[in-house]
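Q: Sequence:
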Amino acid sequence: MKLFRPGDKSRAVCDVDGIVSTTFEYRDVPFADGKGQAKDILVGACDKCRRVLSIPPQSTPAIKAAREKADISIEASLPAVYAEALDLACYRIAPGSSRAFRKPLLMYYVHTCLVDKKASARVTKIVRRPDRFFTEGERVGMNKRLSLKISPHASAEIDDLTKRTKINRTQLFKSLIIKMRDDIITPKQPRNLRVLQTIAATVGR
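Per this note's numbering, residue 1154 is the first one in the sequence shown, and the count goes up by one each step.
Treat the hints as calculated values from the structure; they're not laboratory data.
All values derive from a computational prediction rather than experimental measurement.
Certain hints may be false.
Within a straight-line C-alpha distance of at most 20 Å, the following computed PhoX-like cross-link-like pairs (lysine-lysine) qualify [said to hold, decoys possible]: (1) 1270 / 1297; (2) 1319 / 1278; (3) 1278 / 1332.
Ranges between beta-carbon positions, derived for each pair [stated by the list, open to error]: (4) 1261 / 1289: 22 to 30 Å; (5) 1156 / 1192: 14 to 22 Å; (6) 1233 / 1154: 47 to 55 Å; (7) 1346 / 1308: 25 to 33 Å; (8) 1169 / 1215: 43 to 51 Å; (9) 1181 / 1338: 44 to 52 Å; (10) 1185 / 1283: 43 to 51 Å; (11) 1181 / 1228: 25 to 33 Å; (12) 1351 / 1203: 52 to 60 Å; (13) 1174 / 1348: 18 to 26 Å; (14) 1193 / 1171: 24 to 32 Å; (15) 1346 / 1185: 21 to 29 Å; (16) 1190 / 1346: 38 to 46 Å; (17) 1323 / 1203: 21 to 29 Å.
Note that beta-carbon positions come from the ideal geometry of N, C-alpha and C, so glycine has one too.
Make the full structure from the sequences, and use the hints.
A: Okay, structure coming up:
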């Protein structure tokens, strides 16, 4: 696979000018569906009309990253006890972490349950067997809104897990938070602590 640099030459077919020479340069390129654009990616531009005719493989990761930044907003209204448990789990893993760690921690559990059938079965079982601590917390507490901006890929994983467990998104988040309580808050030593601390470090403190 060849690696191109700005100023390198190539040839391509242009709808306007036929077979032409091209020059590689950095451009902002809009997506074909008109939703957003990839900024400052290397492309091959027609030397006559300046239209973008080719995109080298080295620009693919940047395009993918730009696509994933087209975030999807998701919200769930949770009894306060669940939001507090989520924040406590974040604190237990990394005391200096901010609320930005909520999203990666939730998505870690979503992904883990997708690839581990036993874990997804556990989530389904939690829904069917009410947890007394959380159930009583729901009766006496207020509700708090959980708002997250996630990538299309992350949204698809959540949808896949709701289909597999046959529960809605709010029930899924509740179940995952109860599982966090069992994995992270209650034990003397949280499970998978090193992995989770590494994830926390990547999103800042």
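Q: Which hint numbers doesn't this structure obey?
A: Failing hints, ascending: 1, 8, 12, 13, 15, 17.
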